[in-house]
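> Residues per chain are reported as follows:
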Amino acid sequence: MAMSDVDAEPRVRIDGVGKRFEGANGPVQALSSISFSVREGEFVCIVGPSGCGKTTLFRIIAGLEPPTSGSVYLDGDRVDGPGPDLGLVFQEYHLFPWHTVAGNVGFGLEQQGVADTERERRVRELLELVGLDGFADTYPRDLSGGMKQRVALARALAVDPGLLLMDEPFGAVDAQTKKMLQDELLDIWRETGKTILFVTHDVEEAVKLADRVVVMAKDPGRIRAVVDVDIERPRSRSDGTFSDTYQQLLDLIEG
Amino acid sequence: MAVDVTEDVDHATEAVGGGLGDIDTRRARRGLGGIAAFLLLWTGASLTQPSYVLPTPLAVAETFYAQTASGEVFVALGNSVLHWIPGAVFGTGLGIAAGIALAWSPYLDDVSSPVVRVLRPVPPLALVGFAIAWFGINHAGAAFIIAVGAFWINFYATYGGVEGVSDDLLDVARSLGVNGDLELVRTVVVPASLPEITTGIRTGIGRCWMLVVASEIFGVAGIGRRILRASNNLQVDVVITYILVLSLMYLVVDVAFRALQRRALAWR
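Note that the protein sequences, when read in sequence, are chains A and B.
For the first sequence, the positions run 1 to 255 when this note's numbering is used.
For the second sequence, the positions run 1001 to 1268 when this note's numbering is used.
Rather than coming from a laboratory, the hints here were simulated on the basis of the structure.
Cβ atoms here follow ideal geometry from the backbone N, Cα and C, with glycine treated the same way.
A portion of the hints provided could be inaccurate.
Chain B regions said to be covered by chain A (calculated; three or more residues, Cβ under 8 Å) [claimed, not checked]:
1. 1102-1108
2. 1175-1182
3. 1191-1199
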């Protein structure tokens, strides 16, 4: 892999990752030699047709599943399990239903032994960041999907992870909420300077959000192309470059 | 316009509140009707039978009053509570602990599964011999019988709850820095399975009151002993009196526990 900036280790390096499952009809190659890097502060989207192994790749990068070949490196260290360096946001939120909003957001801080007053201050800041001030004492069951995802985002950001990993985070909310959450995520990204790796099947979403888009193909899951999205933000669908990039990605996905 | 909306909201709230109140009073009215019908049937049946087969409700009420006034009820109740409490506490605690351990650790589950399957169908009453041999004819022996009953109910309720804990929540917790089995159990497994665990405790508490009678069969004093002795003497009014005491105790403890449970599960 040729890198122009040889001495800068990327934030994330995915190095020849492969995954084989033992299926009922013999082994299935779910992922085959996936390699790419994400620089610090970069926003990278992974898109691909369903069944291309996006979620498997997400789980491997998150340390939730071991690859059968290759490795994932975070700041040069091999990822061998989940931990606070990797902030996870799932499509289905996975909030702790027995904790209030504040309890969910402060969960990671409590694990790190952050003192009560400091924790409360950080939780308040994060709730403000995701636009949920005033909901600290609400339980997840009383929140809409969009609000739940904001809590999940704040919870992941709370422990200040080196990488924010998101698996189709806006796939379960309505179109209007989705657009709003996308804009908010971009604001938060700008404000915090986080490195974000974002899995989606929505090509338009990828063009709207990403600095670079990793396009995957299936059977076996592999990288078809990596496309730079060089459009100034805020991006508009009506922009010519936007629709060109959109079409280019669509063609790549449809192969 | 704004005023109209507020009024609408107020009306809606009133309607809902009033509706719930109606349902509550209707339920209460029907319940009282049921009790009245039951007492009527009982009276009718008891008039056709000698009192050693079925006494009238009135005769039972008189006996109940006499037994309460003489303090006998409280002595029996005090004795029963002395083995009900330790039995319920130990059985519940051990059942929950074992349920968590076996549902969480596949290794422990494999190791203990055959033994569990052999011991599970043994009725607590069949263990009276062990109660006497290991503890003697005393509160500890009776508590042992009660604890065995509470153990299995709590074991299976907890086991089911822990098995149902979502792997995704465990993944999230790990990604937020929770390390090791004990920490995962404390921060995720126990709170996530609290609905099943508390339902187990509640069912177990009821079962423990039933087992009070069985646990006193070999001679330990208490409500069960009174029931068994009165049965031998064909004092059915006394039998029913102490059955009522058991029911009342169950009702009081159950209502109290349900309030606790509702508070602990306010997030549901």
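> Confirm or reject each hint.
Hint by hint, here is what the structure shows:
no., hint, in the structure
1, 1102-1108, "violated (count 0)"
2, 1175-1182, "holds (count 4)"
3, 1191-1199, "holds (count 3)"
The structure fails to meet hint 1 from the earlier list, while all remaining hints are met.
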